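There are 2 protein chains.
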Amino acid sequence: MSLDSPITKPHERLAAALADEMGAVNALIRDRMASEHAPRIPEVTAHLVEAGGKRLRPMLTLATAKMCGYDGPFHIHLAATVEFIHTATLLHDDVVDESNQRRGRPTANLLWDNKSSVLVGDYLFARSFQLMVETGSLRVLDILSNAAATIAEGEVLQLTAAQDLRTTEATYTQVVRGKTAALFAAATEVGGVIAGRSEDEIKALFDYGDALGIAFQIVDDLLDYWGTDATGKNVGDDFRERKLTLPLIKAVAKADDTERAFWKRVIEKGDQRDGDLEHAIELLNRHGALEETRQDALAWAARANTAMASLPKSDLRDMLIDLNDYVVARVS
Amino acid sequence: MSLDSPITKPHERLAAALADEMGAVNALIRDRMASEHAPRIPEVTAHLVEAGGKRLRPMLTLATAKMCGYDGPFHIHLAATVEFIHTATLLHDDVVDESNQRRGRPTANLLWDNKSSVLVGDYLFARSFQLMVETGSLRVLDILSNAAATIAEGEVLQLTAAQDLRTTEATYTQVVRGKTAALFAAATEVGGVIAGRSEDEIKALFDYGDALGIAFQIVDDLLDYWGTDATGKNVGDDFRERKLTLPLIKAVAKADDTERAFWKRVIEKGDQRDGDLEHAIELLNRHGALEETRQDALAWAARANTAMASLPKSDLRDMLIDLNDYVVARVS
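As they're listed, the protein sequences go chains A and B.
The numbering of the first sequence is my numbering, which starts it at 1 and goes up by one.
The numbering of the second sequence is my numbering, which starts it at 1001 and goes up by one.
Hints listed in this document are in silico derivations from the structure and should not be mistaken for laboratory results.
Remember, it's a predicted structure, so these values are computed and weren't measured experimentally.
By construction, the Cβ of each residue, glycine as well, lies at the ideal position given by its N, Cα and C atoms.
Some hints could be false.
Said to hold, decoys possible - Residues of chain A clear of chain B, computed beta-carbon distances all greater than 12 Å:
hint: 1; residue: Ala15
hint: 2; residue: Asp20
hint: 3; residue: Thr171
hint: 4; residue: Asp257
hint: 5; residue: Asp274
hint: 6; residue: Glu278
hint: 7; residue: Glu292
Unchecked claim - Covered stretches of chain B, going by a simulated chain A footprint (3 or more residues, C-beta under 8 Å):
hint: 8; region: 1037-1044
hint: 9; region: 1091-1098
hint: 10; region: 1122-1130
hint: 11; region: 1153-1162
Okay, chain A solo, but in the shape it has when bound (with noise of 0.2 Å):
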């Protein structure tokens, strides 16, 4: 994450450009995480809420709503509303990862408790779909709570495939549409959907965010493989965690019989030793696996730009072109 000075990161100049409604968001954020009844909500919200992730989610609706010419005030609401549905995934996540540690603090379940988690994360829930209601739109109701339900799909289907070697790429797109797309898809078309845009706007900005959803997720989990120190992520977690990710599905999709009874010993039955993460990526660059990734990123990322570039050019959608192009930059 730093391949480049800190002033042509693009999702900064985007935070620039939108620091009015983005202070805007973050005050919401805070009123609507308060609880009357019981302070640990926004004591575990806040811990999260707090932490410094980078916006991204609530950035794209208030971006998409504002390039399509929206001067009402519910793309805030949007914007936290689907702060707070990342941020109930991301507590619910954790717990059933059973993960220590997010953006490199404690987390939640670590602090307080699973059931802490579980808790707080249905409460933001709750509160993001009466921040919907508050903008009286049917259709963003009707698109958010069809992203959640893909988003809980998603993370079931996650669940039953982790350690299945029989994952197919069709299945690891479906888990990624809900783990990654599915809100970020929501939160373009949302932008479209309060402005007033045609069907076909609003279709090009749900293809923008579903595939600049799927590129962000596909080159996480190649950077896990091909990481180095300078794009920050931990190399081998997913393969600790003995997930199934494109890199490994494509390589044993080409696996002989030794590197089958390779990968079934270290995923399926979780027994790793010492030097097995290293032949592992071996294999991924033996099958090409981690080329393949890198240009199917490199295609997702191609369509998000497509669809974008549909759209009338103005500062901040060529501000969100290079956001998606900044995304795969790191594996380019």
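Assemble the complex: chain A is given as a structure, and chain B must be docked to it using the hints.
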């Protein structure tokens, strides 16, 4: 729950009066708990949904909509919504309470795992919002998203109040509104809302559901110290789980120093020995805590009946009054 013969049980008479509608609700539930991509979801959901709960909450929505003269299709959607929200909270509750049994069967978190319970619960929450969106009523969405927030808030409050001897009756009522009454009240309120009744009538329906829910939960908590085989309750569960329910709160408020030391040991420290439950029940009786709790339940039930009796007379209205009487009959 076997105080009288099956034919006279009010919830069974309600079920008979609403048989067609409940058939439609069950069909809708089966349809919407399906998942194209993640078969784990209907497995887990079917385990709970088909476990033979009394479907009290969806019946409240059907009965109130019908007694208010509603003749559209959406009370079916709302009844399914309410049951989905209830099922989702049960799934999450069992994770939070680390339960092994629910309705006499092993819980989903035991049969599958906590992860599945968390994620399938999330899926059902999302599905419930999709169902609400289909009704096209923003007011209904407002009511039910508020209820969902109150439920989660009540659960968090219960979590942080557990084992805390300073818990007040006001906090207890707040918890009970969250864990039980909020969904009862929303279930009855939306029946009047989709039927387009006056604000006074909608308020009366809300008040009925709210008071019924609180009476229901107080009775449940009372029977945990006062139950017999006939009530089907397992006496002492709350004591062993160190929950500050109403009988205990009342007894602790009147405790002398020796008694306070006892409560500190068994509830705060959780150091429970043979004979402690019997001694606790003796203390509850000594201070009239069980009798006072019973009177509180009766007072809430009276409020529920007053609210319902303010509405136009009909067979369904009278069945709802009978249902409320039946709830407290277990302790009358």
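Quick rundown of the hints versus the structure:
| no. | hint | in the structure |
| --- | --- | --- |
| 1 | Ala15 | holds, 29 Å |
| 2 | Asp20 | holds, 28 Å |
| 3 | Thr171 | violated, 8 Å |
| 4 | Asp257 | holds, 30 Å |
| 5 | Asp274 | holds, 29 Å |
| 6 | Glu278 | holds, 30 Å |
| 7 | Glu292 | holds, 24 Å |
| 8 | 1037-1044 | holds (count 5) |
| 9 | 1091-1098 | holds (count 3) |
| 10 | 1122-1130 | holds (count 7) |
| 11 | 1153-1162 | holds (count 7) |
Comparing the model with each earlier hint shows a violation of hint 3 alone; every other hint is respected.
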